[in-house]
Amino acid sequence: MKKDIVFRDQVLAPIWDKIQRGTRLSLEDGVAMFRSNDLISIGKMAHAVQQEKSGDAVYYVLNQKIEPTNICVLECKFCDFAVKPGSPEGYEMTIKQILDKLTPNIHEVHITGGLHPEWDWKYYLDMVRDIKSHFPQTDVKAFTAVEIDFFHKKFKLSVEEILLQLKDAGLRTMPGGGAEVFSARIRKELFHQKIGEEVWLDIHKKAHLLGIPTNATLLYGHIETYEERVVHMMKLRELQDETNGFLTFIPLAFQPGDTGIKAKNNFTSAIEDLKTIAISRLMLDNFPHIKAYWVMLTEEVASIALHFGADDMDGTVGGEKIAHDAGAVSPMAMAKEQIIKIITDAGKIPVERDVFYNALHVSGEGIIGKIPYLNSVPFYTDFEKKQFTLLPIAPRRMGELARKDILDAGLFSLMDYFAQESDLDVLPYCIATRDQVKSVMLFSKEGWRDLDGKRIGITDDTATSIRLLQVLLEKKYGVRAHLERMQTGINDCSRFDAVLFIGDEALKRNKFGLDGFELVFDLAREWYDWQKLPFVFAVWAVRSACSDALKSALLDSISRSLARNENRLDSIGTIHGARIQLTPAETTEYLQGFNYRLGDRERAAMKLFKILVAEVIVAS
Amino acid sequence: MDMTDIFAKIRNNQRITPDEGLYLYRNAELLDLADLANEIRFKKNPDPCVTFLIDSNPNYTNVCSIDCIFCAFFRHPGDAGAYTHTVDEMIENFKASAAKGVTTILLQGGVNPELPFEYYLEMVERTRKEVPEIYPHFFSTSEILGMAAVSRLSVPDVLKKLWDAGLRSIPGGGAEILAEGVRRKISSKKGGPEEWLSVMREAQKLGYKTTATMMYGHLETDEDIVTHLESVRALQDEYNGFTAFIPWSFKPGNTPLEKIIPHYATPMRYLQMLAFSRIYLDNIQHIQASWFSEGKKTGQVALHFGADDFGGTLLEENVHAAANFVNKTNNEECIQLIHESGFDAAQRDTLYGIKKIIPRTIAA
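First to last, the protein sequences are chains F and Y. Everything in the first sequence is counted per the numbering used here, starting at 1 for the first residue and increasing by one. Everything in the second sequence is counted per the numbering used here, starting at 621 for the first residue and increasing by one.
No lab work stands behind these hints: they were computed from the structure. In this text, a Cβ means the ideal position worked out from N, Cα and C, and glycines have one as well. Don't take each hint at face value.
Using C-beta positions, here's what the derived DEER-type ranges look like [claimed, not checked]:
hint: 1; chain 1: F; residue 1: V295; chain 2: Y; residue 2: G873; range: 18 to 24 Å
hint: 2; chain 1: F; residue 1: D548; chain 2: Y; residue 2: L826; range: 57 to 63 Å
hint: 3; chain 1: F; residue 1: E89; chain 2: Y; residue 2: N647; range: 52 to 58 Å
hint: 4; chain 1: Y; residue 1: N647; chain 2: F; residue 2: P584; range: 27 to 33 Å
hint: 5; chain 1: F; residue 1: P14; chain 2: Y; residue 2: P752; range: 52 to 58 Å
hint: 6; chain 1: F; residue 1: D556; chain 2: Y; residue 2: W783; range: 56 to 62 Å
hint: 7; chain 1: Y; residue 1: D667; chain 2: F; residue 2: T344; range: 35 to 41 Å
hint: 8; chain 1: F; residue 1: V11; chain 2: Y; residue 2: P882; range: 43 to 49 Å
hint: 9; chain 1: F; residue 1: L74; chain 2: Y; residue 2: P882; range: 40 to 46 Å
hint: 10; chain 1: F; residue 1: V11; chain 2: Y; residue 2: A628; range: 22 to 28 Å
Computed list of chain Y residues with no C-beta within reach of chain F, every gap over 10 Å [unchecked claim]:
hint: 11; residue: D625
hint: 12; residue: N633
hint: 13; residue: I636
hint: 14; residue: I689
hint: 15; residue: N713
hint: 16; residue: E753
hint: 17; residue: K948
With the hints as constraints, model all of the structure from the sequences given.
In structure tokens, the structure reads:
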């Protein structure tokens, strides 16, 4: 984030300094932004932060919303949907009705509904299970914390037990509704029967720890103050620090309807909507995504929000039903087409996703995978925006997306490159070490030779570093260990004898150490001491099928970026470095440890590594 | 070409070339454009104040012989639904509007070859005399050309007679896109860009104040947009007769062009266009945001993208309505929308004189 912003409102300048230094924003910062009238500067800050996180990608999902019943035992003031048990307007859907409503091409079904006084527990489990078995490619995102708490009380099972049984039935993620505003004052006034912040946060925490990621919402634009909005965000940020289980934050604009709440205005203003999106992007520094939920924001504001920090458009929700009632032949395609148009018009790449935000389909040409690690920063500064779109992507997903023809080029983890070598042209650029690298680190309780038969925790980040670890263990030290995946985001290192971290995570842990793991090994250094060759972690490659024009433009962009950045490694990465708590000097030293050009020694190292990996694979 | 140089040039109050404009339009980040546009907006109009107008857009006829493929309003003579109002009927309409506080009537109609020139002169004269609280902002360039045709007078003579009847201000509609190719495609009978520009030039030479518009989002290219703005900027250098520039997006509903362009351009494109216009048109003081043509929420955001005017409250409007695009407001809501956007609201007259300021109360 090297962006210079000329602030109209000087109150914002120190906030931007903090963001650039990697300092967390405070309650006062959040409130100051809400009070400021400098909408464009707030937007610019949020957009810069969003660009770092997800680049030009804007996510959407083909989804449908199911509300199995509107009968609800609660009476929340802001709700127009629910009716009391016994009401003539009440409806109840059978599982068959639900299945009939679903279409096979969707990837997410979103289920929330009223708290029905009579349905039994089995009905809910069957609902999830039957959807999953009839529509195997559709993931179930179901039940807000309010419903989970209701199940827990009604069926006399612990929250964990409820969540586990739902997970076994096929539940993948949970929606973020029911959070409203974390404020005792507002709860008392508007939804005193509903669970408050403690229960909401506790249920989400439990879900995260059981491996069920969730979303979080904020209902704004009624009686809440700016301070209450920011406090709400900070409480979410705190839980996210602990579990890393939130996928996206969704600010929901209050819809006055017939709800009987006297809001200050009828509808939220566009300025309020955009500020809330932008400020949530800035406050929630640990949330991967911010959603512009067009159903509530209106399409026009959702579209503008893509420049104010949002990177998720939700999906075709309801589009199916509305279009179907209007007699459309291909309702899903219509709605999808419109979402894609909104995204491309904003100059962004529409990325169709699944429930976990994995890319399923990307519309566009000249899509370049961008590795979000500090060591890759020098490659990307001078890409011609009109020609290419950069899609930030975890290294481990790069190979998969290239296989699906989604990516035209990228910096491929070496193992991914090997797997698709025949379809790719390698470019003379890479990420190779000079001797050590500090970003592929093994934290160990034992020396190398004592790791024989021991358990090593690995992340699912990239195959290359895992293979390098295996090669070192088996070929250099003649030992064999059990490699096991750790659950992402959850700190369960202690049950392993050693753990492998790569990228920014490794850099951070290397600086601060990892409790209980006395020994720290730099795998690149280990390789260098052994083979006297650099180690190549990733190479630039482009799909052979791409046009020559694209290939040469790509070479131009990379070489332009590198030429400019190799001479200023002391400044280029400092902001990124700050966010992973490195000083400018540490960042510079780290970046200077890499060689970005693929020369003879690098090619020789690649060849040798390929042979060694093959031997290790044969041996296992 | 380098973005930093172009930005620096603009910040130093230097004029950018069409090529630089095109580069800026194509490559600048949306919010960078907004920032620059905002800066210029405050240089030209330093008060944190957004103006609006209490107005009405009635139409005296929908009979038109020009056949623009982007229009859902017109009827051919004798078609079902074709109408032409008498001057008496229009005067009644204006009086009713005036009673509701309207200060400006933007009057336009189809180009109806049946109407004699006297009809138009009478309309102006009687408005001035019988409804003095209304300022007439009458007749687009196409209608003025139509008057010249039926009266066999030159355009300057037509304009002179209208002036003598009391007209001082002319709306900027009908410019569409001032680029030869695209204008011929969407409204072949309207003539090339020079038709619009020459009527405006003659009017401004006589002392008329006018606005300038642009309708984008159909068949135009990026180059056409720049050509349009360049033409407006060049004419403004001659007489300084444009009070404001007003871009809006093509609304496809019920028009022949709908088959090719089914959706209207997104709010994003509108904001980009607005900011870019503000930057390129360095010699025009006011840029109008249109809550009406783009939606209220987009209109609010537009006030942060270089616009300093919120347009009129439009008691009556029929042309967009014919394309199924309907937005309505009233005075209080209009003021509220401006206040929510962070500005004081100021009621203005047709020529941008301030009538009264309604300050924003700052929320706690």
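Quiz item: Does the Cβ-Cβ separation between V11(F) and A628(Y) fall within 22 to 28 Å?
Solution: 26 Å Cβ-Cβ, so the 22 to 28 Å window holds.
Practice problem: Check the non-interface label on K948(Y): least C-beta distance to chain F beyond 10 Å or not. | Solution: 14 Å, holds
Practice problem: Could you tell me whether the CB distance from E89(F) to N647(Y) stays inside 52 to 58 Å? | Solution: 54 Å, holds
Quiz item: Should the hint that N647(Y) and P584(F) are 27 to 33 Å apart at their CB atoms be regarded as holding?
Solution: 31 Å Cβ-Cβ, so the 27 to 33 Å window holds.
Quiz item: Holds or violated: 35 to 41 Å for the Cβ distance of D667(Y) and T344(F)?
Solution: 38 Å, holds
Quiz item: Does 56 to 62 Å hold as the CB distance between D556(F) and W783(Y), or does it fail?
Solution: 59 Å, holds
Self-check item: Distance rule for N713(Y), whose beta carbon must clear each one in chain F by more than 10 Å
Solution: Answer for N713(Y): holds, closest chain F Cβ roughly 31 Å.
Exercise. Given the range 43 to 49 Å, decide if the beta-carbon distance of V11(F) to P882(Y) lies inside it.
Key: 44 Å, holds
Quiz item: When you take the CB atoms of V295(F) and G873(Y), is the distance between them in 18 to 24 Å?
Solution: Cβ of V295(F) to Cβ of G873(Y): about 23 Å, so the range 18 to 24 Å holds.
Practice problem: Could you tell me whether the CB distance from D548(F) to L826(Y) stays inside 57 to 63 Å? | Solution: 60 Å, holds
Practice problem: Verify that the Cβ of E753(Y) lies farther than 10 Å from every Cβ atom of chain F, and report whether the claim holds or is violated. | Solution: The claim stands: E753(Y) keeps its Cβ more than 10 Å from every Cβ of chain F (closest is about 31 Å).
Quiz prompt | Least C-beta distance between D625(Y) and chain F, which was stated to exceed 10 Å | solution = Label holds. Min Cβ-Cβ 15 Å, cutoff 10 Å.
Violation of the numbered hints given earlier is absent; every hint is satisfied by the structure.
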